[in-house]
Amino acid sequence: MTLIKTSYNRRSFLKVSAAGSGGLVIGFNWLVSCSPSAETAIKGAPKEWFNVNAYLKIGENGLVTIMSPNPEVGQNIKTSMPMIVAEELDVAWKDVVVEQAPLDTEKFVRQVAGGSQSLRSSWKGLRMAGATARKMLMEAAAKQWQVDASTLTTSEGVIKNAKGETLTYGQIASAAASVTVPEEVELKDPSAFKIIGTDTKNVDIEKIITGKPQYGMDLKKEGMKVAVVLRPPSFGAKLKSFDDSETRKVSGVSDVIQFGNKVAVLGNTTWAAMKGKKALKAEWEQETPAESTEYHDKQMMALLGTKNGEPRRNDGDVDAAFKTADKVIEKTFEGPFLPHNPMEPMNFYGHVTAAKVDLIGPIQTPERTRRQVSELLGRPETEIFIDMTRMGGGFGRRLYGDFVLEVAEISKLSNTPIKLVYTREDDMTAGIYRPASKYKFKAGVKDGKLVAYHLVGTGINGNGWTRENWFPAGSIPNYRVESYGQDSNITTGAWRAPITNFLAYAEQSFIDEVAEEMGVDAVQLRLDLLEKAKSDPVGTVDYEPEKMIGAIKLAAEKANWSTTEDGVSKGFSAYYSHNSYVAMVAEVVNKKGQPSTRKVTCAVDCGIVINPIAAKNQIEGGIIDGIGHAMYGDMTFVNGAPQASNFNNYRLIRMGEAPPVIECHFVKNTNDPTGLGEPSLPPAGGALANAMYKATGQRFYKQPFMQQQIKLG
Amino acid sequence: MAQFNLKVNGKEHQVDVDADTPLLWVLRDNLDLVGTKFGCGIAMCGACTVHVDGDAIRSCSMPISTLGDKSVVTIEGLSADASHPLQNAWREHDVPQCGYCQAGQIMNAAALLSKNASPTDEEIESAMNGNICRCATYNRIKAAIKTASASV
Chain R
0 MTLIKTSYNR
10 RSFLKVSAAG
20 SGGLVIGFNW
30 LVSCSPSAET
40 AIKGAPKEWF
50 NVNAYLKIGE
60 NGLVTIMSPN
70 PEVGQNIKTS
80 MPMIVAEELD
90 VAWKDVVVEQ
100 APLDTEKFVR
110 QVAGGSQSLR
120 SSWKGLRMAG
130 ATARKMLMEA
140 AAKQWQVDAS
150 TLTTSEGVIK
160 NAKGETLTYG
170 QIASAAASVT
180 VPEEVELKDP
190 SAFKIIGTDT
200 KNVDIEKIIT
210 GKPQYGMDLK
220 KEGMKVAVVL
230 RPPSFGAKLK
240 SFDDSETRKV
250 SGVSDVIQFG
260 NKVAVLGNTT
270 WAAMKGKKAL
280 KAEWEQETPA
290 ESTEYHDKQM
300 MALLGTKNGE
310 PRRNDGDVDA
320 AFKTADKVIE
330 KTFEGPFLPH
340 NPMEPMNFYG
350 HVTAAKVDLI
360 GPIQTPERTR
370 RQVSELLGRP
380 ETEIFIDMTR
390 MGGGFGRRLY
400 GDFVLEVAEI
410 SKLSNTPIKL
420 VYTREDDMTA
430 GIYRPASKYK
440 FKAGVKDGKL
450 VAYHLVGTGI
460 NGNGWTRENW
470 FPAGSIPNYR
480 VESYGQDSNI
490 TTGAWRAPIT
500 NFLAYAEQSF
510 IDEVAEEMGV
520 DAVQLRLDLL
530 EKAKSDPVGT
540 VDYEPEKMIG
550 AIKLAAEKAN
560 WSTTEDGVSK
570 GFSAYYSHNS
580 YVAMVAEVVN
590 KKGQPSTRKV
600 TCAVDCGIVI
610 NPIAAKNQIE
620 GGIIDGIGHA
630 MYGDMTFVNG
640 APQASNFNNY
650 RLIRMGEAPP
660 VIECHFVKNT
670 NDPTGLGEPS
680 LPPAGGALAN
690 AMYKATGQRF
700 YKQPFMQQQI
710 KLG
Chain Z
0 MAQFNLKVNG
10 KEHQVDVDAD
20 TPLLWVLRDN
30 LDLVGTKFGC
40 GIAMCGACTV
50 HVDGDAIRSC
60 SMPISTLGDK
70 SVVTIEGLSA
80 DASHPLQNAW
90 REHDVPQCGY
100 CQAGQIMNAA
110 ALLSKNASPT
120 DEEIESAMNG
130 NICRCATYNR
140 IKAAIKTASA
150 SV
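Order-wise, the sequence lines are chains R and Z. Going left to right, the first sequence walks through residues 0 to 712 as numbering that gives the first Met the number 0 numbers them. Going left to right, the second sequence walks through residues 0 to 151 as numbering that gives the first Met the number 0 numbers them.
Each hint should be verified, as a subset may be incorrect.
To be verified - One side only, chain Z facing chain R, incomplete, derived with CB under 8 Å:
#1 F37
#2 Q101
#3 A110
As the list claims (entries may be wrong) - Simulated restraints, written as ranges between beta carbons of each label pair:
#4 R:K4 - Z:K145: 44 to 52 Å
#5 Z:E122 - R:M705: 39 to 47 Å
#6 Z:S60 - R:K701: 29 to 37 Å
Stated by the list, open to error - No more than 25 Å apart at the CA atoms, straight line, and that leaves these computed lysine-lysine pairs for DSS-like:
#7 Z:K10 - R:K322
#8 R:K411 - R:K277
#9 R:K211 - Z:K6
#10 R:K206 - Z:K6
#11 R:K237 - R:K441
#12 R:K710 - R:K590
#13 R:K77 - R:K448
#14 Z:K10 - R:K211
#15 R:K590 - R:K557
#16 R:K219 - Z:K145
#17 R:K330 - R:K193
#18 Z:K145 - R:K220
#19 R:K14 - R:K187
#20 R:K200 - Z:K6
#21 R:K277 - R:K77
#22 Z:K145 - R:K322
#23 R:K326 - R:K306
#24 R:K248 - R:K261
#25 R:K552 - R:K667
#26 R:K448 - R:K533
#27 R:K211 - R:K159
#28 Z:K10 - R:K590
#29 R:K591 - Z:K145
#30 R:K239 - R:K280
#31 R:K261 - R:K239
#32 R:K598 - Z:K10
#33 R:K701 - R:K598
FYI, nobody ran anything at the bench for these hints, they're computed from the structure. Keep in mind the model is a prediction, meaning the values are calculated, not measured. Backbone N, C-alpha and C define an ideal beta-carbon position, used for all residues, glycine too.
Just need the whole structure built from these sequences, with the hints factored in.
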């Protein structure tokens with residue numbers, strides 16, 4: 000049992016009021032940890048710490064409405080998070096309705112953030128909201144019965160007293176609105192959880208399987224025109240001139256508008272705007288250098304070979320250790336740019352008028368985007384309203400609001416309500432890619448021990464290519480990590496599991512090769528290293544070796560790692576990211592002459608599992624995504640122009656290529672939950688590469704693997 | 000622009016559009032049936048799958064002028080009360096993540112089951128190869144199709 004405070008510096012985390020239609024409303028902040036004792040949590044909190052962005056309403060009919068501030072991007076947040084509130088409130092899940100909170104209400108201050116940390120950071124706040132409501136309902140019931148609240152119990156929305164009399168939450172909800180907010184509430188012991196840990200179906204499933212409008216792409220407003228935009232064909236190109244005479248002849252095209260370096264075609268329908276864009280003729284001139292993949296490769300290779308600055312971490316003396324080592328292993332791994340390719344192409348609705356700016360669509364960062372629109376239009380943020388729709392995937396792309404700025408500008412210039420729609424080609428060629436990167440690993444072995452480890456990472460734009468304080472940091476006496484960036488005019492950004500989506504594969508492939516060179520079992524080498532990091536770490540580490548050991552042992556056990564099977568090649572990988580630990584074994588077999596992954600067995604430590612059926616969905620999806628991009632994902636450039644533009648020349652994994660069996664096992668514990676939207680992806684490529692090596696005798700140093708001639712050994 | 004008559008989900012409609020307008024955009028923009036999704040525009044992802052006289056087709060690549068008097072069924076018309084065996088199986092397996100591709104997946108699978116009531120894994124994989132799920136819910140889609148096939 001845990002007690003938590005509901006206020007800090009005498010200001011409550013919660014706002015309580017009576018519902019207009021009768022009942023109780025509790026406003027709370029969904030996204031911020033509410034543990035007042037944790038100084039770090041307070042320091043890291045946004046300015047509007049005490050403002051609410053979500054609420055739960057208990058109606059007189061007993062129906063509980065939970066308003067979720069978070070748009071749904073496929074991570075199932077709209078189901079899993081309300082489960083936490085319902086658990087502490089102690090109501091039956093069937094009596095809970097989840098609604099997407101509106102933006103323009105006085106009840107809310109929106110502080111929505113993207114990223115995989117939302118579950119972790121909202122855990123306590125959600126529990127507190129539910130527990131507070133429960134306690135207030137009990138206080139109100141106690142008052143009515145003239146008894147002490149401590150003599151009452153609750154179960155599924157019903158309060159019971161010692162005499163066996165009952166009151167439903169709905170009956171007492173209005174009275175509870177006048178109860179003083181308790182200063183402290185009691186949280187359930189995890190062993191008493193009834194909803195958390197139970198398979199709970201997606202709250203939006205009915206809309207999805209019947210085709211109800213809910214995505215930005217589905218939006219239609221009175222007087223709206225559809226805009227399709229012509230953008231530069233290569234990065235660094237500038238619009239010189241354009242000829243819209245053919246475009247204007249297309250029936251249904253209503254206008255053609257240049258804005259900055261782009262041209263928008265406005266149509267009465269989507270098809271008219273798309274056709275109009277195809278008929279546009281434009282001339283471009285290259286303003287900044289036209290970069291190619293060949294150029295990037297050369298620049299990055301050069302960065303791997305030279306010492307460009309201070310290491311990000313340096314334990315012992317790697318140079319000296321390599322000199323005296325019995326064996327030195329050095330390998331370089333290369334990863335390409337990747338587009339995000341969510342199934343719903345970028346789109347947004349905008350209407351700019353003298354009075355206000357209305358923006359509606361799929362975006363993960365409405366607050367930052369509103370600030371950018373404010374700057375672009377020179378309008379105060381108070382006049383700008385952003386509403387969010389369910390998102391047809393994101394994978395990081397919808398963290399960037401460039402398309403919202405576009406629609407705002409087009410609407411302003413055309414004085415018309417606009418729905419901006421990207422074609423698939425626009426979506427794939429407009430930029431903000433996972434940057435290409437390369438890693439050089441060097442390991443030194445002496446007397447059968449891994450004594451030196453040197454990693455240099457590099458990539459396009461930015462310089463944070465490494466996770467130097469994660470495994471194997473702390474386990475090797477001589478350890479150095481460097482990271483250098485190469486600037487480019489090709490736009491880049493976060494892509495599901497940024498950095499680690501490639502780094503993990505490279506590291507886990509390298510460790511596999513080092514284990515082989517040392518003549519040690521791949522799992523045993525990891526366990527030996529982690530034992531050292533746990534019991535006698537070199538320097539400090541930012542991961543918990545004990546948890547990683549737990550995940551590794553569970554995966555190895557469930558996959559029968561130590562037993563061999565004819566025709567089956569197993570590869571191991573384990574990685575810590577986004578505060579979760581994932582270990583997995585991939586099994587590759589011969590399928591019609593080609594190596595094929597028949598099964599992945601994975602073990603995950605993500606603390607308490609809120610919604611197992613959804614958690615497994617995330618894990619399965621992340622593994623197939625990791626395998627798919629390792630096998631096929633590739634975006635190259637020639638003279639600044641992206642070389643893939645649609646699914647005819649960009650390959651995404653399909654059903655027949657996905658491992659048909661994915662087994663998920665959770666390390667059972669009662670630690671606070673961590674996110675699952677990303678952590679299963681990073682280790683997947685390594686497990687695949689290591690299994691493919693056993694099946695083919697070939698090591699895979701470069702993604703995508705399909706570029707390599709793959710032959711079964 | 001020209002007038003076209005079409006039958007969608009059992010209802011007659013008349014639209015005035017260019018002859019080359021893909022069925023997808025007639026459905027979405029003219030008839031406000033937005034359950035059928037735009038994914039790629041070149042019949043490579045399957046998000047726009049509908050039934051034309053019972054066959055699964057990619058509506059993004061079918062000009063309205065080629066439809067003739069064939070009847071169209073979209074996700075909105077797959078069943079009267081969301082009780083198609085596939086819709087039931089989709090609930091049971093809690094298939095979707097982002098959900099955007101799912102209408103196309105269900106429509107493609109429905110056409111498969113109408114021709115082959117109990118497909119093997121390999122037949123399912125082959126029939127569903129044209130439908131991309133970027134969230135990679137493939138194994139649940141396959142499991143749901145098998146569950147539905149048992150009750151067709």
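Quick rundown of the hints versus the structure:
1. F37: 6 Å, holds
2. Q101: Interface hint status for Z:Q101: holds (5 Å vs cutoff 8 Å).
3. A110: With Cβ-Cβ at 15 Å, over 8 Å, it is violated.
4. R:K4 - Z:K145: 44 to 52 Å: Given a distance of about 51 Å, which is inside 44 to 52 Å, the answer is holds.
5. Z:E122 - R:M705: 39 to 47 Å: Violated - the Cβ-Cβ distance for Z:E122 and R:M705, about 25 Å, lies outside 39 to 47 Å.
6. Z:S60 - R:K701: 29 to 37 Å: Holds - the Cβ-Cβ distance for Z:S60 and R:K701, about 35 Å, lies within 29 to 37 Å.
7. Z:K10 - R:K322: Given pair Z:K10, R:K322 is violated - Cα atoms ~80 Å apart, limit 25 Å.
8. R:K411 - R:K277: Judged against 25 Å, a Cα distance of about 24 Å means the pair holds.
9. R:K211 - Z:K6: OK: R:K211 and Z:K6 at ~20 Å, within 25 Å.
10. R:K206 - Z:K6: Judged against 25 Å, a Cα distance of about 23 Å means the pair holds.
11. R:K237 - R:K441: Not OK: R:K237 and R:K441 at ~43 Å, beyond 25 Å, violated.
12. R:K710 - R:K590: At roughly 12 Å apart (the allowed maximum being 25 Å), R:K590 and R:K710 satisfy the hint.
13. R:K77 - R:K448: Violated. R:K77 to R:K448 sits at ~49 Å, over the 25 Å cutoff.
14. Z:K10 - R:K211: 18 Å, holds
15. R:K590 - R:K557: 24 Å, holds
16. R:K219 - Z:K145: The hint is violated at about 37 Å.
17. R:K330 - R:K193: Answer violated: R:K330 to R:K193 is near 50 Å, above 25 Å.
18. Z:K145 - R:K220: Violated: Z:K145 and R:K220 sit about 40 Å apart, past 25 Å.
19. R:K14 - R:K187: OK: R:K14 and R:K187 at ~22 Å, within 25 Å.
20. R:K200 - Z:K6: 35 Å, violated
21. R:K277 - R:K77: The given pair, whose Cα atoms are some 39 Å apart, is violated under the 25 Å limit.
22. Z:K145 - R:K322: Measuring from Cα to Cα gives roughly 60 Å; hence the hint is violated.
23. R:K326 - R:K306: Holds: R:K326 and R:K306 sit about 23 Å apart, inside 25 Å.
24. R:K248 - R:K261: Given that 25 Å is the threshold and the Cα spacing comes to 20 Å, the pair holds.
25. R:K552 - R:K667: 13 Å, holds
26. R:K448 - R:K533: 17 Å, holds
27. R:K211 - R:K159: 41 Å, violated
28. Z:K10 - R:K590: Not OK: Z:K10 and R:K590 at ~47 Å, beyond 25 Å, violated.
29. R:K591 - Z:K145: Given that 25 Å is the threshold and the Cα spacing comes to 23 Å, the pair holds.
30. R:K239 - R:K280: 11 Å, holds
31. R:K261 - R:K239: 10 Å, holds
32. R:K598 - Z:K10: Violated, at roughly 46 Å.
33. R:K701 - R:K598: At roughly 23 Å apart (the allowed maximum being 25 Å), R:K598 and R:K701 satisfy the hint.
Figure legend: structure checked against the earlier numbered hints; hints not met, in rising order: 3, 5, 7, 11, 13, 16, 17, 18, 20, 21, 22, 27, 28 and 32.
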